[in-house]
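Take a look at the letters that make up each chain.
Protein chains: 2
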Amino acid sequence: MSAASDRPPTVAEAGEAAVLEVLSRPGQAGSGDPVGNGDDAAVLGPAAATVVTTDMLVEGTHFRLDLTTWRDIGRRAVAQNVSDVLAMGADCSRVLVALAVPGRTTMDQIGELAEGIHGEAARSGAVVVGGDLTSATLVVVGVTAMGTLPDGARPLRIDGAAPGDRVALTGAPGRSAAGLALLLAGHHDGTLQQAHRVPELPIGSGKAARLAGASALTDVSDGLLRDLSGMARASGVAVDLVVEALPVDPRLGEAAAALGLRDPEAQIVDWILDGGEDHGLLGTFPPGTTVPPGFTVIGTIREGDPGAVFLDGRPRTPGGWDSARGAN
Amino acid sequence: MSAASDRPPTVAEAGEAAVLEVLSRPGQAGSGDPVGNGDDAAVLGPAAATVVTTDMLVEGTHFRLDLTTWRDIGRRAVAQNVSDVLAMGADCSRVLVALAVPGRTTMDQIGELAEGIHGEAARSGAVVVGGDLTSATLVVVGVTAMGTLPDGARPLRIDGAAPGDRVALTGAPGRSAAGLALLLAGHHDGTLQQAHRVPELPIGSGKAARLAGASALTDVSDGLLRDLSGMARASGVAVDLVVEALPVDPRLGEAAAALGLRDPEAQIVDWILDGGEDHGLLGTFPPGTTVPPGFTVIGTIREGDPGAVFLDGRPRTPGGWDSARGAN
Numbered sequence: 001m002s003a004a005s006d007r008p009p010t011v012a013e014a015g016e017a018a019v020l021e022v023l024s025r026p027g028q029a030g031s032g033d034p035v036g037n038g039d040d041a042a043v044l045g046p047a048a049a050t051v052v053t054t055d056m057l058v059e060g061t062h063f064r065l066d067l068t069t070w071r072d073i074g075r076r077a078v079a080q081n082v083s084d085v086l087a088m089g090a091d092c093s094r095v096l097v098a099l100a101v102p103g104r105t106t107m108d109q110i111g112e113l114a115e116g117i118h119g120e121a122a123r124s125g126a127v128v129v130g131g132d133l134t135s136a137t138l139v140v141v142g143v144t145a146m147g148t149l150p151d152g153a154r155p156l157r158i159d160g161a162a163p164g165d166r167v168a169l170t171g172a173p174g175r176s177a178a179g180l181a182l183l184l185a186g187h188h189d190g191t192l193q194q195a196h197r198v199p200e201l202p203i204g205s206g207k208a209a210r211l212a213g214a215s216a217l218t219d220v221s222d223g224l225l226r227d228l229s230g231m232a233r234a235s236g237v238a239v240d241l242v243v244e245a246l247p248v249d250p251r252l253g254e255a256a257a258a259l260g261l262r263d264p265e266a267q268i269v270d271w272i273l274d275g276g277e278d279h280g281l282l283g284t285f286p287p288g289t290t291v292p293p294g295f296t297v298i299g300t301i302r303e304g305d306p307g308a309v310f311l312d313g314r315p316r317t318p319g320g321w322d323s324a325r326g327a328n
Numbered sequence: 001m002s003a004a005s006d007r008p009p010t011v012a013e014a015g016e017a018a019v020l021e022v023l024s025r026p027g028q029a030g031s032g033d034p035v036g037n038g039d040d041a042a043v044l045g046p047a048a049a050t051v052v053t054t055d056m057l058v059e060g061t062h063f064r065l066d067l068t069t070w071r072d073i074g075r076r077a078v079a080q081n082v083s084d085v086l087a088m089g090a091d092c093s094r095v096l097v098a099l100a101v102p103g104r105t106t107m108d109q110i111g112e113l114a115e116g117i118h119g120e121a122a123r124s125g126a127v128v129v130g131g132d133l134t135s136a137t138l139v140v141v142g143v144t145a146m147g148t149l150p151d152g153a154r155p156l157r158i159d160g161a162a163p164g165d166r167v168a169l170t171g172a173p174g175r176s177a178a179g180l181a182l183l184l185a186g187h188h189d190g191t192l193q194q195a196h197r198v199p200e201l202p203i204g205s206g207k208a209a210r211l212a213g214a215s216a217l218t219d220v221s222d223g224l225l226r227d228l229s230g231m232a233r234a235s236g237v238a239v240d241l242v243v244e245a246l247p248v249d250p251r252l253g254e255a256a257a258a259l260g261l262r263d264p265e266a267q268i269v270d271w272i273l274d275g276g277e278d279h280g281l282l283g284t285f286p287p288g289t290t291v292p293p294g295f296t297v298i299g300t301i302r303e304g305d306p307g308a309v310f311l312d313g314r315p316r317t318p319g320g321w322d323s324a325r326g327a328n
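Those protein sequence lines, which keep their order, are chains A and B. Position one of the first sequence corresponds to residue 1 (the working numbering), numbered consecutively onward. Position one of the second sequence corresponds to residue 1 (the working numbering), numbered consecutively onward.
Source of the hints: derived by calculation from the structure; they are not laboratory data. In this text, all values refer to a predicted model and were calculated from it rather than measured experimentally. Fair warning: there could be bad hints in the mix.
If you anchor each label on the Cβ, the simulated ranges turn out as follows [what the hints assert, rightly or not]:
#1 A/R7 - B/G213: 31 to 39 angstroms
#2 B/V248 - A/P102: 31 to 39 angstroms
#3 B/T289 - A/A122: 27 to 35 angstroms
#4 B/T137 - A/A18: 25 to 33 angstroms
#5 A/P163 - B/P46: 32 to 40 angstroms
#6 A/A185 - B/D66: 56 to 64 angstroms
#7 B/Q194 - A/T296: 52 to 60 angstroms
C-beta atoms are modelled at their ideal positions from N, C-alpha and C, and glycine is treated no differently.
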């Protein structure tokens with residue numbers, strides 16, 4: 001028994017109430033909602049329009065416990081959902097978490113996970129208003145993210161792009177994919193690796209796009225070409241991309257060199273065009289609107305086969321990630 | 001290739017877009033929301049107060065594929081979340097689903113699952129407004145359920161019970177636990193087994209309790225005594241239960257007989273007091289209020305050790321289910 005007392009208790013030893021207390025942090029500053037944590041459901045105050053999305057992060061599919069930390073799992077689970085709220089032109093205000101973990105998970109690990117969840121929520125301007133726990137043979141973090149739109153505000157749909165609109169993107173695509181390649185090759189530390197573990201969200205940019213008059217907005221989760229093609233298909237338009245206009249993180253070149261690739265240039269282009277999970281925002285801006293700071297114009301919407309994407313005039317089929325099939 | 005075409009395609013073969021189309025049924029009558037399925041997030045119309053909860057159903061923990069059907073997995077995942085919305089005194093109006101399945105899952109199975117999800121949502125008066133898909137080594141169905149409360153309506157919290165209130169319950173507890181015992185013993189068909197596969201929700205009873213002036217309400221998911229004790233602890237009160245007043249489904253006796261138990265009476269009492277997953281609503285009603293139809297009065301709230309529960313005057317420690325530890 002004395003040996004056992006030297007290690008942190010497990011979830012199975014601590015019990016549900018103790019885990020939920022760590023996860024939901026009932027003592028923290030409230031959200032002002034009528035009912036927060038600890039009840040059957042949360043109750044949120046009045047809203048003109050509520051944005052809501054849900055998504056799971058699954059061990060073995062989205063992360064490996066030997067390549068990331070519990071804190072970063074929590075951050076990423078929140079970030080990928082916040083990203084979808086931003087992509088409607090809203091800011092995220094509330095986060096709910098449903099967690100499945102093996103009983104052997106330690107309370108220290110739960111504490112780190114909670115730190116990641118609450119830290120990323122706070123970074124996004126949101127509070128955690130609900131939590132649920134279950135046991136499982138692997139770790140699954142389900143997150144629901146919510147935001148509100150002011151009275152009369154128009155949500156930024158994925159199907160609003162029109163011929164003549166400029167296409168613009170936040171951030172530099174391909175960082176997460178390059179980071180994963182480095183991690184899998186045994187290079188554990190670095191900016192790209194961290195960009196894979198937790199995407200850096202352009203907080204405020206979704207709202208800025210809405211106020212600027214964007215016609216469509218989505219987040220890049222499955223790959224730039226794939227998500228751009230999806231937006232163009234939903235909008236019934238085609239896209240001309242200008243390769244030279246694509247923002248390139250110089251670290252992609254360093255990564256290709258570190259990996260000793262035979263054709264580093266081709267790999268860099270693949271990372272940029274088809275690498276997923278960067279969670280940049282991809283928007284279209286009609287003539288006469290001003291593209292907000294943080295966005296880089298990378299092409300133009302035109303009439304054509306719905307969903308078709310052209311790179312410097314040449315058609316290109318998206319690769320990227322299919323959540324049922326895996327990498328294409 | 002000709003042999004392969006005789007079997008239904010798998011999720012991995014059909015791809016994400018095809019799966020999401022089946023899951024979200026974009027063609028069905030809409031909810032009137034500004035943005036429904038197919039975008040980064042759903043956008044819901046104006047609300048005075050929004051009730052929201054999220055919970056996962058995990059293969060191996062909550063269900064076994066050999067003991068249930070895909071349709072019933074979908075129904076149960078929705079029902080257990082709707083139950084938490086009812087328990088705030090609201091009706092459920094919207095459901096979001098995050099699904100993880102192995103790539104070998106067939107599109108026929110996805111179709112059955114979708115039927116269960118949409119059928120149970122419709123039964124609850126709700127529509128499915130969002131879906132997400134990921135691959136995993138086991139099946140996880142994450143559901144977010146939402147409802148609204150009218151302007152000025154008071155949500156039914158878990159901590160509002162006060163001395164003198166009557167304690168009342170919908171349905172007959174222990175059915176799900178008895179059904180599981182029958183299933184595990186190889187008796188696959190029957191009312192109790194189906195009650196385990198899919199709880200029968202008292203739709204409308206949460207709202208009725210609110211309109212009747214209930215002081216507290218929760219749903220019984222972990223066991224009658226356990227959830228009642230939790231409500232009493234949150235409210236700082238004790239509970240006197242009258243054993244004779246507890247509603248007993250006569251099928252529990254038949255189940256105990258079919259299982260050939262040595263002490264059937266003790267097992268029946270255990271199922272009723274500590275069996276989880278019935279998802280009845282448990283409420284407290286102050287003096288002067290009328291307990292609504294569908295509720296059975298089973299005891300009284302009194303001053304005492306917060307969370308203490310007495311059966312005909314004798315203290316009893318709750319068993320039930322701890323989501324971190326398992327059965328107590």
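Here is what the structure says about each hint:
no., hint, in the structure
1, A/R7 - B/G213: 31 to 39 angstroms, "violated, 50 angstroms"
2, B/V248 - A/P102: 31 to 39 angstroms, "holds, 37 angstroms"
3, B/T289 - A/A122: 27 to 35 angstroms, "violated, 41 angstroms"
4, B/T137 - A/A18: 25 to 33 angstroms, "holds, 28 angstroms"
5, A/P163 - B/P46: 32 to 40 angstroms, "holds, 34 angstroms"
6, A/A185 - B/D66: 56 to 64 angstroms, "violated, 41 angstroms"
7, B/Q194 - A/T296: 52 to 60 angstroms, "holds, 57 angstroms"
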